[in-house]
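J.: As a plain string of letters, each chain reads:
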Amino acid sequence: MAVASIHRRPSFTARFVGVTADITARPSGAIGLGLVTFHLMLAIFGPWLAPYDYKAVDANLILQGPSGLHWFGTDHLGRDTFSRTLLGGREAILVTGIATPIAVLWGGFVGIFFGLVGGKIDDVLMRVVDAFLSLPWILKMLLLIVTFGTGIEVLIPTLAFFYGIPVIRIARAATHDVVARDFVQAARARGHGKMTIIRSELLPNVRDALLVEGAMRWSWMLLAFSSLSFLGFGVSPPTPDWGLMIADARGYMSFAPSGVLAPVLGLSSLIIGINLTADALAKALGIDRAQKAPV
Amino acid sequence: MLRMLVRRLALGAITVFLVSLIIFAGVEILPGDACTAFLEREAQGQLLENCRQELGLKRPASERYLEWAAGALTGDLGVSANGQKPISELVGYRLRNTLLLASCSMLVGVPLALLLGVVAALWRDRLADLAISTIAIGAMTIPEFVSATILILIFSVWLGWIPGIVLTSADAPVAEFFPEILLPMMVLTFVMTAHILRTVRSSVIEAMASDYAQMATLKGVPYWRIVFRHVLPNALLPAINVVALTIAWLLGGVVVIETVFNYPGLGRMMIDSISDRDLPVTQAIALIIASVYVGVNLAADLLTMIANPRLRTMHMRKG
Numbered sequence: 259m260a261v262a263s264i265h266r267r268p269s270f271t272a273r274f275v276g277v278t279a280d281i282t283a284r285p286s287g288a289i290g291l292g293l294v295t296f297h298l299m300l301a302i303f304g305p306w307l308a309p310y311d312y313k314a315v316d317a318n319l320i321l322q323g324p325s326g327l328h329w330f331g332t333d334h335l336g337r338d339t340f341s342r343t344l345l346g347g348r349e350a351i352l353v354t355g356i357a358t359p360i361a362v363l364w365g366g367f368v369g370i371f372f373g374l375v376g377g378k379i380d381d382v383l384m385r386v387v388d389a390f391l392s393l394p395w396i397l398k399m400l401l402l403i404v405t406f407g408t409g410i411e412v413l414i415p416t417l418a419f420f421y422g423i424p425v426i427r428i429a430r431a432a433t434h435d436v437v438a439r440d441f442v443q444a445a446r447a448r449g450h451g452k453m454t455i456i457r458s459e460l461l462p463n464v465r466d467a468l469l470v471e472g473a474m475r476w477s478w479m480l481l482a483f484s485s486l487s488f489l490g491f492g493v494s495p496p497t498p499d500w501g502l503m504i505a506d507a508r509g510y511m512s513f514a515p516s517g518v519l520a521p522v523l524g525l526s527s528l529i530i531g532i533n534l535t536a537d538a539l540a541k542a543l544g545i546d547r548a549q550k551a552p553v
Numbered sequence: 014m015l016r017m018l019v020r021r022l023a024l025g026a027i028t029v030f031l032v033s034l035i036i037f038a039g040v041e042i043l044p045g046d047a048c049t050a051f052l053e054r055e056a057q058g059q060l061l062e063n064c065r066q067e068l069g070l071k072r073p074a075s076e077r078y079l080e081w082a083a084g085a086l087t088g089d090l091g092v093s094a095n096g097q098k099p100i101s102e103l104v105g106y107r108l109r110n111t112l113l114l115a116s117c118s119m120l121v122g123v124p125l126a127l128l129l130g131v132v133a134a135l136w137r138d139r140l141a142d143l144a145i146s147t148i149a150i151g152a153m154t155i156p157e158f159v160s161a162t163i164l165i166l167i168f169s170v171w172l173g174w175i176p177g178i179v180l181t182s183a184d185a186p187v188a189e190f191f192p193e194i195l196l197p198m199m200v201l202t203f204v205m206t207a208h209i210l211r212t213v214r215s216s217v218i219e220a221m222a223s224d225y226a227q228m229a230t231l232k233g234v235p236y237w238r239i240v241f242r243h244v245l246p247n248a249l250l251p252a253i254n255v256v257a258l259t260i261a262w263l264l265g266g267v268v269v270i271e272t273v274f275n276y277p278g279l280g281r282m283m284i285d286s287i288s289d290r291d292l293p294v295t296q297a298i299a300l301i302i303a304s305v306y307v308g309v310n311l312a313a314d315l316l317t318m319i320a321n322p323r324l325r326t327m328h329m330r331k332g
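Chains A and B, in that order, are what the protein sequence lines are. Everything in the first sequence is counted per the working numbering, starting at 259 for the first residue and increasing by one. Everything in the second sequence is counted per the working numbering, starting at 14 for the first residue and increasing by one.
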């Protein structure tokens, strides 16, 4: 019965359902995906769920401990910590949620293109990428932010630009694995243009690696964003943001530890959720993340 | 071997050169210069002209780049914009403090990571491994300022054992940094250990499954002898590169930690210089950090080459 089975590329929805099922089949993946979904829901419906106005200042309620009315107590301006924690991820998710796809798209495209072209230009580009990577992320970002301001219209392009650079490396490495294969050679011999080869030969093979990379980038970007907020270079008050809330509440930690613990819980659970999902996604797609270079 | 060595050195030099170009160009492109930062609101008209004349900012950018680069090569990093002190003097103690923090954490972290990594690998999927791996993932993913805040809450607010903030001045003798340095050290060690132990774990697992380990088992070599003589020497080689990457990360990641603990190191100086728009200082710190990054990676590559007989003789067998 040596009949060659005809391989058809599964449709997008079929693949999506398959991969999601695979992720949720692992306990860690199910927990991760659950956490991420939970946070996305909160980000969308938070304004209707929050019991108090996040910017309502009340001098009588400064630094209260947890109570029936204020579950996580109140902060140094008498604002309800629970409401602020509920809303604290919206800005971060919005900014990183837009910046991550842009970073993966531009980094991925440049990486694939130069991986296919190769030669001198490719060598030069890789040296420039190395040079960029040897500067600490915080320095690169702060220079731009201090110059152009801290609004999201600055943060999104800045994050997207700098976090796209390491993607170039990953995409290029993944392309190199594919470029030498027969079907790419065949496409070249048929006289296909570079864009056609990228679209129909390379992209389908590199896409999975980029998807996993994107999930990881998202968590790193979130880390960077909240670190910037914490240092006072991210969102501006009174917008509720976890990083900023932790920075504010730190000084009052001995009176009201719940003011620190609540945003810590929010931020950590989202980042751990993304990481667990990314890990499960990598396993579901059959990509060994341990072999992919860090940085 | 020699050719590979020369090639690696040349690549490292090119990277540092490109970094210096990027730093210089970046600072050039951004609006404002050392004079506008120094004079602040008075930065207009004759005063601004005079200042620019004095600092030589009127000359073409290429000329200034060459002067800056030549100065940096000889250890002269120029003068700071506000205060007009030599940067080498300002940076000296800060660099020492950051190196002190980094080396203390490494001294604890690297052996700990090797030990935990091997333990997790040998007892794979058992309770010890699950505990170690879970904590490691937590340590790697939770932002440093979060773990730092939690540690301050536990050790200085609740238990009151260690001060939660460093009050020692930058030029104090090393001994005065203890015990204040302990908390920032713990945070760094925590994150660093997690990164290294993950790699150690996977490479030990890989080596245990290798042909030569199985062969040794079949020959009846005792288990612990296989582990120590056959597996570990091979498995611990990749750790050198991860340790190098971690050192490089330390220099950038230390920024947040130094700010949280008010530690007078290079990272906090960088944040201050950026906030004050003291561009000459920012340039100098960026160049130092990037050079250390490139240097450490280079050293790791060379060390791996020396320690790994297979890499040493590869080209001989080929040609």
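Honestly, I wouldn't trust all of these hints.
[As the list claims (entries may be wrong)] Anything over 10 Å on all C-beta distances counts as not near chain A; from chain B, calculated: (1) Leu-24; (2) Ile-36; (3) Gly-84; (4) Ile-165; (5) Ala-261; (6) Ile-298; (7) Tyr-306.
[Stated by the list, open to error] Among chain A residues calculated to face chain B with C-beta under 8 Å, some are: (8) Pro-394; (9) Val-404; (10) Thr-408; (11) Ile-410; (12) Glu-411; (13) Val-412; (14) Ile-414; (15) Arg-508; (16) Met-511; (17) Val-522.
To be clear, the hints were calculated from the coordinates, so they are not data collected in a lab. Bear in mind that the values here come from a model prediction, so they are computed numbers and not experimental data. Glycine residues also receive a C-beta, built at the ideal position from the N, C-alpha and C atoms.
J.: Next step is simple, just say for each hint if it's right about the structure.
T.: These are the hints, each one checked on the structure:
1. Its closest Cβ contact with chain A, about 8 Å, brings Leu-24/B to no more than 10 Å, contrary to its assignment away from the interface.
2. Ile-36/B, annotated as away from the interface, has a beta carbon of chain A within 10 Å; the closest lies near 7 Å.
3. No beta-carbon of chain A is positioned within 10 Å of the beta-carbon of Gly-84/B; the least distance is around 20 Å.
4. Remark: the non-interface label on Ile-165/B conflicts with the geometry, its nearest Cβ contact in chain A lying 7 Å away (cut-off 10 Å).
5. Here Ala-261/B does not stay apart from chain A, with its beta-carbon only about 7 Å from theirs, under the 10 Å limit.
6. The non-interface label for Ile-298/B is inconsistent with chain A: the shortest C-beta to C-beta separation is roughly 8 Å, within 10 Å.
7. Consistency note on Tyr-306/B: stated as away from chain A, yet its beta-carbon is not over 10 Å from all of that chain's, at 4 Å minimum.
8. Contact between Pro-394/A and chain B, as hinted, is supported at the beta carbon level, the nearest pair being about 3 Å apart and thus within 8 Å.
9. The restraint placing Val-404/A at the interface with chain B holds, with a minimum CB-CB distance near 5 Å, inside the 8 Å limit.
10. Of the supplied interface hints, the one on Thr-408/A is violated, with its beta-carbon coming no nearer than about 12 Å to a beta-carbon of chain B, more than 8 Å.
11. The beta carbon of Ile-410/A is not positioned within 8 Å of any beta carbon in chain B (closest approach about 20 Å), and the interface hint is therefore violated.
12. Given hint, Glu-411/A at the interface with chain B, is violated; its Cβ is 17 Å from that chain's nearest Cβ, farther than 8 Å.
13. With a cut of 8 Å, the hint placing Val-412/A at the interface with chain B is violated, because the nearest CB-to-CB distance is about 13 Å.
14. This hint is violated: Ile-414/A has a C-beta 19 Å from the nearest C-beta of chain B, more than the 8 Å allowed.
15. Among the interface hints, the one on Arg-508/A holds; its C-beta lies about 6 Å from the nearest C-beta in chain B, closer than the 8 Å criterion.
16. This hint holds: Met-511/A has a C-beta 5 Å from the nearest C-beta of chain B, less than the 8 Å allowed.
17. The beta carbon of Val-522/A is positioned within 8 Å of a beta carbon in chain B (closest approach about 5 Å), and the interface hint is therefore held.
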